[in-house]
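*Asks:* Start from chain G and add chain R according to the hints.
The lines below spell out each chain.
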Amino acid sequence: MRGTRVVAVLAGLLGLANTGAAHAIAWYFQTPASGMARDIDQLHQYIMWLIIVIFIGVFGFMFWAVYAHRKSKGHAAEQFHENTTVELLWTVIPAIILVIIAWPVTKTVIAQKDTSAPDLTIKVTGYQWKWGYDYIKGEGEGISFVSMLSTPREQIEGGAPKGENYLLEVDNEVVVPVGKKVRVLVTAADVIHAWWIPALGAKQDAIPGFLRDIWFRAEQPGVYRGQCTELCGKEHAFMPIVVRVVSAEDYSKWVGERKKTLAAAADDPSKAWKPEELAARGEKVYAANCVACHQGTGRGMPPTFPALAGSKVVNGPEQAQIDIVLNGKPNTAMQAFGKQLSDTDIAAVITFTRQSWGNKASDVQPAEVKARRK
Amino acid sequence: MSAVVHDHGHDHAHGHGDHHGGYSGIMRWITTTNHKDIGTLYLWFSFIMFGIGGLMAVGIRMELFSPGLQFTDPDFFNQLTTMHGLIMVFGAIMPVFVGFANWQIPMMIGAPDMAFARLNNWSFWLLPFAATLLVLSFFMPGGAPGVGWTMYAPLTVQMGIGMDLTIFAVHILGMSSILGSINIITTILNMRAPGMTLMKMPLFVWTWLITAYLLVAAMPVLAGAVTMTLTDRHFGTTFFNAAGGGDPVLYQHIFWFFGHPEVYIIALPGFGVVSQVIPAFSRKPLFGYASMVYATSAIAVLSFIVWAHHMYTVGMPVTGQLFFMYATTLIAVPTGVKVFNWVATMWKGSLTFETPMLFACGFLFMFTLGGFTGLVLSLVPIDIQLHDTYYVVAHFHYVMVAGALFAAFAGVYFWLPKWTGRMYDETLGKIHFWLTLVFFNMIFFVQHFLGLAGMPRRIPDYPLMFETWNAISSLGAFGMGLAQLLFLYIVVKCIRSGETAPQKPWEGADSLEWTHLPTPAPYHSFETQPIVK
Numbered sequence: 001m002r003g004t005r006v007v008a009v010l011a012g013l014l015g016l017a018n019t020g021a022a023h024a025i026a027w028y029f030q031t032p033a034s035g036m037a038r039d040i041d042q043l044h045q046y047i048m049w050l051i052i053v054i055f056i057g058v059f060g061f062m063f064w065a066v067y068a069h070r071k072s073k074g075h076a077a078e079q080f081h082e083n084t085t086v087e088l089l090w091t092v093i094p095a096i097i098l099v100i101i102a103w104p105v106t107k108t109v110i111a112q113k114d115t116s117a118p119d120l121t122i123k124v125t126g127y128q129w130k131w132g133y134d135y136i137k138g139e140g141e142g143i144s145f146v147s148m149l150s151t152p153r154e155q156i157e158g159g160a161p162k163g164e165n166y167l168l169e170v171d172n173e174v175v176v177p178v179g180k181k182v183r184v185l186v187t188a189a190d191v192i193h194a195w196w197i198p199a200l201g202a203k204q205d206a207i208p209g210f211l212r213d214i215w216f217r218a219e220q221p222g223v224y225r226g227q228c229t230e231l232c233g234k235e236h237a238f239m240p241i242v243v244r245v246v247s248a249e250d251y252s253k254w255v256g257e258r259k260k261t262l263a264a265a266a267d268d269p270s271k272a273w274k275p276e277e278l279a280a281r282g283e284k285v286y287a288a289n290c291v292a293c294h295q296g297t298g299r300g301m302p303p304t305f306p307a308l309a310g311s312k313v314v315n316g317p318e319q320a321q322i323d324i325v326l327n328g329k330p331n332t333a334m335q336a337f338g339k340q341l342s343d344t345d346i347a348a349v350i351t352f353t354r355q356s357w358g359n360k361a362s363d364v365q366p367a368e369v370k371a372r373r374k
Numbered sequence: 375m376s377a378v379v380h381d382h383g384h385d386h387a388h389g390h391g392d393h394h395g396g397y398s399g400i401m402r403w404i405t406t407t408n409h410k411d412i413g414t415l416y417l418w419f420s421f422i423m424f425g426i427g428g429l430m431a432v433g434i435r436m437e438l439f440s441p442g443l444q445f446t447d448p449d450f451f452n453q454l455t456t457m458h459g460l461i462m463v464f465g466a467i468m469p470v471f472v473g474f475a476n477w478q479i480p481m482m483i484g485a486p487d488m489a490f491a492r493l494n495n496w497s498f499w500l501l502p503f504a505a506t507l508l509v510l511s512f513f514m515p516g517g518a519p520g521v522g523w524t525m526y527a528p529l530t531v532q533m534g535i536g537m538d539l540t541i542f543a544v545h546i547l548g549m550s551s552i553l554g555s556i557n558i559i560t561t562i563l564n565m566r567a568p569g570m571t572l573m574k575m576p577l578f579v580w581t582w583l584i585t586a587y588l589l590v591a592a593m594p595v596l597a598g599a600v601t602m603t604l605t606d607r608h609f610g611t612t613f614f615n616a617a618g619g620g621d622p623v624l625y626q627h628i629f630w631f632f633g634h635p636e637v638y639i640i641a642l643p644g645f646g647v648v649s650q651v652i653p654a655f656s657r658k659p660l661f662g663y664a665s666m667v668y669a670t671s672a673i674a675v676l677s678f679i680v681w682a683h684h685m686y687t688v689g690m691p692v693t694g695q696l697f698f699m700y701a702t703t704l705i706a707v708p709t710g711v712k713v714f715n716w717v718a719t720m721w722k723g724s725l726t727f728e729t730p731m732l733f734a735c736g737f738l739f740m741f742t743l744g745g746f747t748g749l750v751l752s753l754v755p756i757d758i759q760l761h762d763t764y765y766v767v768a769h770f771h772y773v774m775v776a777g778a779l780f781a782a783f784a785g786v787y788f789w790l791p792k793w794t795g796r797m798y799d800e801t802l803g804k805i806h807f808w809l810t811l812v813f814f815n816m817i818f819f820v821q822h823f824l825g826l827a828g829m830p831r832r833i834p835d836y837p838l839m840f841e842t843w844n845a846i847s848s849l850g851a852f853g854m855g856l857a858q859l860l861f862l863y864i865v866v867k868c869i870r871s872g873e874t875a876p877q878k879p880w881e882g883a884d885s886l887e888w889t890h891l892p893t894p895a896p897y898h899s900f901e902t903q904p905i906v907k
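Protein sequences appear in the order of chains G and R. For the first sequence, position 58 matches number 58 in the working numbering, and the numbering has no gaps at all. Adding 374 to a residue's 1-based position in the second sequence gives its number in the working numbering.
Looking at chain G on its own, in the form it has when it is part of the complex (with noise of 0.2 Å):
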């Protein structure tokens, strides 16, 4: 884009282009890769135009009055102080002008709103801070997994260099066919999130307890990135979202191998395991899900986040935190993760909680997380 290079050729000139990473400076939208996004950066081309020219056009008369009418260079004031054909023109032209503007935005919003006959839907739940799919409708359908950042800890601290996709990578990417209608059903478990792709031109808030919807078709195949664009708390920045657009043959290579791959997972939930064994597994899935509240020393961030090491509810009775994990606890972060994890990991992280940081309780086993889920 012409605009890209002008810009970097002034970064450039102030000394700033080179900051040492292979970065080019971002400063307009992404490339569109779908229609909406295109249509949206017209819009916005053709607005900015309008406004270049106005703005020019009104600055021009106050920086000539600046320049010429200055009481230095001798200028009486004039005691003009109305002019009704002037006033009644400012007025109209400015609304004409509007009416003009709002013919084509009000088609894109029409169409921005219909999310009828979609190839795929796919829903999209938001979590502290998450995002889980559920493929629900078309192929690929019952495909379901939770999508975490997959930057280390280390390089978000500075014990290590940064990546390409620093804060923009997952574990688990969406996988959606190219030139398909994908409808985007957004929800949240918690609090509100938003989902965005921004190269796709959508964005919907996730709202607990209520189910929007979007759309995109996307044009190009390749990977498109995205960040949840509304507070949610304290992990706000680290939620990314990750698209990978692929042909249609690609798609259902991956949906043959993610349905695989699940069921390959499925432990059996009547297998009796060892405490280390759970202790172990536990400890990968406590990183996963448990580490950026109650943080990996186990002392959390009271009071907000409680700490569990020296617990009463670690401590305590099975049943009491098989609950609070399965279920979660109502207006606090800890969400029920029932949804989400496996009876087998939900036994393991909580032996694991159970047995570290100088907690000594019983282990628990995936039959007693199976028996406790309502």
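Derived from the structure by calculation, the hints contain no laboratory data. Take these hints with a grain of salt, some might be off.
Distance ranges between label pairs, derived from CB positions [stated by the list, open to error]: (1) G:Leu262 with R:Pro515: 55 to 61 Å; (2) R:Ile422 with G:Ser116: 54 to 60 Å; (3) R:Ile422 with G:Phe63: 34 to 40 Å; (4) R:Ile679 with G:Lys137: 37 to 43 Å; (5) G:Glu164 with R:Ile805: 43 to 49 Å; (6) R:Leu802 with G:Glu82: 34 to 40 Å; (7) R:Pro594 with G:Ala336: 34 to 40 Å.
Result set (DSS-like, lysine-lysine): computed pairs, CA atoms no more than 27 Å apart in a straight line [stated by the list, open to error]: (8) R:Lys907 with G:Lys73; (9) R:Lys804 with G:Lys71; (10) R:Lys878 with G:Lys71; (11) R:Lys722 with G:Lys71.
Covered stretches of chain G, going by a simulated chain R footprint (3 or more residues, C-beta under 8 Å) [unchecked claim]: (12) 44-54; (13) 58-65.
For clarity, every value in this text was computed on a predicted model and none was experimentally measured. Where a beta carbon is used, it is the ideal one built from N, C-alpha and C, also for glycine.
*Replies:* Chain R only, in chain G's frame:
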């Protein structure tokens, strides 16, 4: 400031010294019922809050100077953005214009004081308590609320006791605003000098009359919203919880029904200040006085039917989106009329550029820029792309800082001679203007690029492609902060050792405080009402 006046004995010459009441020292300020003393209190209070809120902004920009977490943990960062917003809106920008109202309205309409003098005292003295609650929330277990100044449900139910302190602070601030507004409305409607019809009032008085009505209508709505938050938090109600039949989006509707008029509550008095300053330094009457009054009223009315343009991404029906979009774009018409009138006032005038005029021109130029980005954001498809990004942050800082704050600076420099009896240092004033202008744009202009490129707001850490603009923005913030220390120095120097000011230091100024009152203005502005022809 009038304490200083008193010490120097200027108003003893008028024989009003004994009207200060029986107290001296701190008790004088606590018990004062004088509109000038109370105006002074408001102005200093807002400057202190401006300093505290500014320090928080510097903290935010320090963290955002480069990617990664350096200074704050994300929780504290959220607390900083929340409190920066609340303190600047409710502690700095709103009180500064109430300070102007207190000082100027009686003098400009030919009255001795405000209508309800004791109520006036009470309106001010509520503020320090509210401010203390806000600042104290940082020291509560769990810290200040990290929910953003908009306090969206249901994140608010997850917060600690700091959230409750903030809710009470908002209640108190609302009470103060409502009491102040009732006082202003009564004063303007009942205490004008003979001959001063409504359509002869200086425009500053007009904008405050309209603002006061907006406050009376909007503040109770905010109080309702935060009260519902409080009962949701503690008393088992579910106004904003779908599990109990409520709706989180309901909060947003209520909040923005207050929040959009609030934008004009902040902006209109600034329009009023600029409408006094530009004619004075153009040596020419304000162009289109009547249309200015109508435009201001139109903006006020429209401000109540556009609130949901802050909520285009919550998933409204298409008719809702279209209605709020059309209504919002309509605001461009009266706002445009105002801008055209100001430019037409300058046209063929005899212009000089003392500091107040510089700030007024800076206001005009950059507020219009903020208005244009407002037009961009009013269009649903574009807003969906830009909502909750730095583009919005840039937009509303152009309106709030380059708009309201620049207007406030213009007003302070304009009236400082009348208030203190002394001139400020013109050279330093001009330096203050240029530093503020350059650093302001350095902070916020580049944030438009960040928003377009997709940087969400309220994040303590960001992807690498946003690094350059953030670094520039942070450097600007540090500069802007330092420049305001110069402002403090200029004001203190003016009060202590400025040259004695004449009754009318500005050739083109024509309202009553310049034409009928000596400098510094006497303690009781007009003991005999002037006759306005």
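*Asks:* Any of the earlier hints contradicted here, and which numbers?
*Replies:* Violated: hints 1 and 8.
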